[in-house]
Amino acid sequence: MGEKVLMKGNEAIAEAAIRAGCRHYFGYPITPQTELAAYMAKRMPKIGGVFLQAESEVAAINMVYGVAGTGKRVMTSSSSPGVSLKQEGISYIAGADLPALIINVQRGGPGLGGIQPSQSDYFQATKGGGHGDYRLIVLAPSSVQEMADLTAKAFDLSEKYLVPAMLLADGTMGQMMEPVDLSGISEPEKAEKPWAVTGTQCKRKHNIINSLYLVPEQLEQKNFERYERYKVIEENECLYESFMMDDADICVVAFGIAARVSKNAVVAARKEGIKVGLIRPITLWPFPKAPLAQAADKVKGFISVELSMGQMIEDVRLATECKKPVVLCNRTGGMIPTPEQVLESIRNMAKEGK
Amino acid sequence: MAIVFQKPKALTDAPLHYCPGCTHGIIHRLVAEAIDELGIEGKTVGVAPVGCAVMAYDYFACDMVEAAHGRAPAVATGLKRALPENIVFTYQGDGDLASIGMAETVHAATRGENITIIFVNNAIYGMTGGQMAPTSLPGQVTQTSPYGRDTATAGFPIRVSEMLATLDGPQYIERVAVNNVKNVNKAKKAIKKAFQNQVEGKGFSLIEVVSSCPTNWGMTPSKALQWVEEKMIPYYPLGVYKDRSAEKEGK
Chain A
5 MGEKVLMKGN
15 EAIAEAAIRA
25 GCRHYFGYPI
35 TPQTELAAYM
45 AKRMPKIGGV
55 FLQAESEVAA
65 INMVYGVAGT
75 GKRVMTSSSS
85 PGVSLKQEGI
95 SYIAGADLPA
105 LIINVQRGGP
115 GLGGIQPSQS
125 DYFQATKGGG
135 HGDYRLIVLA
145 PSSVQEMADL
155 TAKAFDLSEK
165 YLVPAMLLAD
175 GTMGQMMEPV
185 DLSGISEPEK
195 AEKPWAVTGT
205 QCKRKHNIIN
215 SLYLVPEQLE
225 QKNFERYERY
235 KVIEENECLY
245 ESFMMDDADI
255 CVVAFGIAAR
265 VSKNAVVAAR
275 KEGIKVGLIR
285 PITLWPFPKA
295 PLAQAADKVK
305 GFISVELSMG
315 QMIEDVRLAT
325 ECKKPVVLCN
335 RTGGMIPTPE
345 QVLESIRNMA
355 KEGK
Chain B
54 MAIVFQKPKA
64 LTDAPLHYCP
74 GCTHGIIHRL
84 VAEAIDELGI
94 EGKTVGVAPV
104 GCAVMAYDYF
114 ACDMVEAAHG
124 RAPAVATGLK
134 RALPENIVFT
144 YQGDGDLASI
154 GMAETVHAAT
164 RGENITIIFV
174 NNAIYGMTGG
184 QMAPTSLPGQ
194 VTQTSPYGRD
204 TATAGFPIRV
214 SEMLATLDGP
224 QYIERVAVNN
234 VKNVNKAKKA
244 IKKAFQNQVE
254 GKGFSLIEVV
264 SSCPTNWGMT
274 PSKALQWVEE
284 KMIPYYPLGV
294 YKDRSAEKEG
304 K
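Which chain is which? The protein sequence lines are A and B, in order. Residue numbering for the first sequence follows the numbering used here, starting at 5 and increasing by one per position. Residue numbering for the second sequence follows the numbering used here, starting at 54 and increasing by one per position.
Hints are computed from structural coordinates only; laboratory data are not their basis. Keep in mind that this is a model prediction, so the values were computed, not measured. Worth double-checking, as some hints may not be accurate.
What the hints assert, rightly or not - With a cut-off of at most 20 Å between alpha-carbon atoms, the simulated SDA-like pairs for lysine to any residue come out as follows:
id, chain 1, residue 1, chain 2, residue 2
1, A, Lys207, B, Pro61
2, B, Lys62, A, Thr202
3, B, Lys255, B, Thr163
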């Protein structure tokens, strides 16, 4: 058993990344993820790592692309407006089939938006924020412990499938302090990376890191191959938490901070005799469709609780094939739904059809 | 049998796609000769741009990375920070380096990244069919300046070497040309020095190569070389703009 320490979510990500063997970090200042960069700036020089404050988010993600090509663990972090700027580089990293980790500690938008927590980059993260046919592996932590654990997990998945990964957190997760145990996180064994550009030593044909295919048949084939890998990820890597779902008539669906709020509401509703449960997607892509599809045969309806105008709700409807009603319970622009608001939404659904 | 001329080892056998009379071929060769002579092919990683040289990754025999438009210095920064013992160079055109990638260029320079940049300035966007570049001359007719570059609305050409030389970060900045044998020889020397600096850990070196684009300038290759001499070089004077090792020696 390791010792628990009190850490901010942003710092937990940074320390977890270092423990997982990441020695290259590139970022640009933006609220509310600043502590992460500050932590890296302090720690990296002491452990022979690289911290570089780039001239822009655009440059930072392209530095990530460069390191990723060498096969070394690399990450960048930002918040919503900055992550928009990174989309060009993310598309290139995905197109070149490289592993990398991008952290988005979301804030309200669109535009400059605000600096309070939000989940309104769900579409951008899960549907391809940049151009072209690609996916990111998207993980959504709901506690400071998960900020750390899922950071390490994201590196592993990204390298296993050669698909860039994103940790989709929010301002609350980044700023809140909780006890966290980091003793389970360690550097994986070095794997062979025959595709990496580390110099040919004049002993092999040159490696090329590239996403350009001017012959359309070749580009199509590349995309087909990538989507075959995506299929395997969808089959094997879905993560979710199921809470009080065994006998539930109503299913609340929420991730990240919204799931914590929702859990309180579910417990309160149970005390009122309402049979309600919670499914919390931990991977947002691949989206845990199976448990939702199963629930659709049992419950009378779903409540999607989000810090946005309703983005994940579309995936809930797709996963449940609209068999049951799906309603939205939300706040946006940096506001967080209260447990009372979610409880009221649960009560309303419980009343219907009685 | 004595071999008097052969392809540098640092170039692959892939046929170049460049237009007749284009000087990219010469510049590729000079880069490859420098790599050969310094014996660094096996530890070199090159970064190709977006533009005419986009497929440079097929031509250089060392490991290569294709960057997004203008981002080569940022990609090279990542590569060099991850592989400090390797040699990292970028090969970029004027639109790539001086327009969309200006921020990446200036900041890699001011950080003094220990990389080598080969900057090919032919005053036009070649790959997309001849649009106005940040280095197009005043009055120069291009597809997007059909009445000639009007400095009142399109501004003035950027002299990259002079501008970067004002920074404290760079080690070595020189502008050369490849329009005649004498200049090609000077260009060769400069390019080799830019790589040698990196081998010695001296920091950021950029060689601006004034080049021609007969196809998009609408000239014969020989007329284009004449235009380099008569129009380009007067606006972009050749020479060393910064050399910290010479400064130290009190030259």
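Here's how the hints hold up against the structure:
Taking the CA atoms of lysine 207(A) and proline 61(B), the gap is near 17 Å; set against the 20 Å cutoff, the hint holds. For a cut-off of 20 Å, the pair hint linking lysine 62(B) to threonine 202(A) stands: about 18 Å separates their Cα positions. Distance hint between lysine 255(B) and threonine 163(B) is fulfilled; the C-alpha atoms sit about 14 Å from each other, no more than 20 Å.
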